[in-house]
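J.: With chain V held as given, fit chain D onto it using these hints.
2 protein chains.
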Amino acid sequence: MSTLSIATAKEVFDLLRDDLAAIEREFAEQSASPVSVITEIAQYLIAGGGKRIRPLLLLLSAKALGCESESRIKLGAVVEMLHTATLVHDDIIDEADTRRGRPSSNTTWGNSKCVLAGDWLYMQAFHTALEERNFRVLDLLISLTQQMVEGELLQMQKLGHLINEEEYFDLIYRKTACLFKVSMQLGAAITHASDETDSQLGEYGRNLGLAFQIIDDVLDLTASEDVLGKPVASDLREGKATLAVIHALERGTGADREAIRKVLADRSFENVSHPQILEILNRHGSIDYAMDTACAYAEAARLSIADLPETEAKRALLWVPGFVTSRDR
Amino acid sequence: MSTLSIATAKEVFDLLRDDLAAIEREFAEQSASPVSVITEIAQYLIAGGGKRIRPLLLLLSAKALGCESESRIKLGAVVEMLHTATLVHDDIIDEADTRRGRPSSNTTWGNSKCVLAGDWLYMQAFHTALEERNFRVLDLLISLTQQMVEGELLQMQKLGHLINEEEYFDLIYRKTACLFKVSMQLGAAITHASDETDSQLGEYGRNLGLAFQIIDDVLDLTASEDVLGKPVASDLREGKATLAVIHALERGTGADREAIRKVLADRSFENVSHPQILEILNRHGSIDYAMDTACAYAEAARLSIADLPETEAKRALLWVPGFVTSRDR
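Top to bottom, those sequences are chains V and D. In this text, residue positions in the first sequence follow numbering that gives the first Met the number 0: the first is 0, and each later residue adds one. In this text, residue positions in the second sequence follow numbering that gives the first Met the number 0: the first is 0, and each later residue adds one.
Just chain V, same shape as in the assembly (with noise of 0.2 Å):
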C-alpha cells in the first residue's frame, strides 16, 4: 500500500478537531445527572481524558461515508461512555487503584457508587442512541454491550490459568476489538450504508481494535510506570497470560513455563521477578512475535477499507493503525 494516501497526525487533528470538541461538549452534557454523586463520578472519569480513539473512528468512518449530520457526535459521546461504563466496573472487578495515573474511581467513592454509576453510564449512553430512532444502532449497542460484559466474565474464569491464543483472541476481541468494530459500523448504520460497505467498516475497526490491545497488551510488559501511568506487568499481577506470554509459554523450556506459571498462580513476582520473565520473553522473541502480530492486524486493517472512494477520512484511517502500533503508552 503506497504512503502516499496516508495522512499525518495535524492533517487527521485538523480534520476533526471541531467534531472531537462538540463531542466533549456532549459527553458533559449526557453526564449531568440530577443525582449529584453520578454527575461528580462522570465528570471525573471525563476529565481524566483517555484517546477518544472510538469516537474518532466513528466520525472518520461517518466522514468517509459523507455524513455531516448531529448523529455522529451524539454516538460519538455514546461510545465513549459505554467504553467509560466498562472501565468503572472493570475497575471495581480488578480491584484497580489507579487508572490513567489517577486513583480510580472505586478508591474515590467506592464500589457500590461506583456499580450504580456504571449502571447509570450505560443507561444514559442508551437513552442518548435510543433518541436517534435507528434500530440498526441500537441492536448494534446492545450486542456489543452483552459480548463485552461476557468477555469480562470470561476473563475472570480464566485469570490464573494458561490461556492459548485462540482463548486469548477470544477475549481481546470482546475486551477492545468488537467496540472498535461498532464504532465504525455505527458510521455506517447513520449513512444507511450498503451491508457491504458496513462489512468492510466493521472489519477494519476489528483488525485494529486487535492491533491496538495486542499492543496494550506488550506495553504492560515492556514500558516504565512513569510512561505508562500505571503499575507495569499488572496483566501478569491481575493472572493474565497476554500474546507476548502465551508465545513464550509455547515455545519456552520446562524451566521458564513454570517461571510463568508460578507468576500468573502466584499474582505477583515474589517467587520469580519481572526481568526474569522479560528475559525468557526475550530470549523467545515473544516481544517481537506479539508488536508482528499486531502489525499485521493493523495492516489487515488498512487493506479493509481499500474500496471506499479516496477522501480525507480515508486518508485518515489509513493512518491510525500505524499511530495505535507506534504508540508508547
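Hints should not be assumed to be uniformly reliable.
The list treats identical chains as interchangeable, and a pair is accepted whether it falls inside one copy or across any two copies.
[As the list claims (entries may be wrong)] Here are the computed lysine to aspartate or glutamate pairs in the DMTMM-like style, where the Cα-Cα straight-line distance is at most 20 Å:
#1 261 x 298
#2 261 x 224
#3 261 x 327
#4 313 x 195
#5 157 x 39
Note that these hints are calculated values from the structure, not bench results.
T.: Then chain D, alone, in the frame of chain V:
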C-alpha cells in the same frame, strides 16, 4: 366501589395460569448465556421465585386492552429480568447475606461476578425488548432503569439520616412504583392505546406500587423472620427510615426522636432495642398510619382504572390492590 366487581385469587390465577407459565419458560430461555456462570446465577435467581407481580400487572394491563400477542409474554419476562438485575446489584450494595430466604447471589458468587451478571441481565432485558421494534417500549424501559438506579444512589446518600415523607415517597417511587407503573404502561404500548388510557394504567401502577412498598416496609418492622425469609427490621439496621418511622419522628417526644435517631445512626439495635422502637411506633399509631396510607393508595389504584371497559382483566386489576395490602410477607 362495589366489591361485586372484584375477582377472587382463584379467578385471577385461572385467568393468567398459562401466560404466567409461558413467562417462566421465556425467562428461563432468556437467561441462557454462552458464559456458564451467567446462566448459573440467572437460574439460581429464577428458582428463588419471587411474586412475579410485575409480569402479572403487564399481563392484566395488556389483557384489559384486548391484547393477545406474544409481546405480552416477552415483555413479561423482560420486566422480571430488569427487576432481577436491580436485585443483584442492590444485594452487592447492601452487602446482603440473604434474599428470599436463601443466600444472596453475591454471597455465593462474589461481588465481581455479580456486578457483571447484573449488567448482563440488564442488557439481555433490553435485547429482548429491542426485538419488539417499538420505540415507546424502549423509551419506557430505559428511562425506568435510570430512575431506579438514581433512586438507589439517593437512598445511599440518605442512609443513617432522618428523611421526610416527601423524600420517602420519591425513594419508594423510584425503588418500586416506577417499575409497577411501567409494567402497566407496557401493556398500553404494545396495544398502541390512547395517551389517556396509558396515563390511567400508569397511575394504577404508580398507586399500587406505592401501596406495595409501604406494606413491604411495615412488614420489615413488624413481621417475624420465619415469615419474612430475612432478618426483621433490616431497614433500620441499614439506616433506612420508612413511613411509620418518619411518622413517629414527626410526632414523638424528644426521647422518642433520639431513640430512633440512635438506631439509624448506629445501624444496629445495640443501644436501643427493636421492641423499644416498636413500642414508640405503636404509641403514636405510626404502624396504623402507614397501613392506612397504603390502603388509600390501593383504593386510588382501583379508582385510576374506573374508565376501563368491564372485562375479566379489569376485575382482576381491581382485586390486586387488596391482595397487596393484606399480604403478610
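J.: Please go over all the hints and tell whether each is borne out by the structure.
T.: Going down the list of hints, with the structure as the test:
For the identical chains of this complex, residue 261 and residue 298 are neighbours neither inside a copy (35 Å) nor across copies (66 Å), given an alpha-carbon limit of 20 Å. For the homomeric pair residue 261 and residue 224, neither the shortest alpha-carbon distance inside one copy (23 Å) nor that between copies (48 Å) is at most 20 Å. In this homomeric assembly, residue 261 and residue 327 never come within 20 Å of each other (Cα to Cα): the closest approach is 28 Å inside a single copy and 56 Å across copies. Proximity of residue 313 and residue 195 under a CA criterion of 20 Å is satisfied intra-copy only: 16 Å inside one chain copy versus 51 Å between copies.
Taking the closest pair of Cα atoms, residue 157 and residue 39 come within 20 Å of each other only across two copies (17 Å); inside a single copy the shortest separation is 34 Å, beyond that limit.
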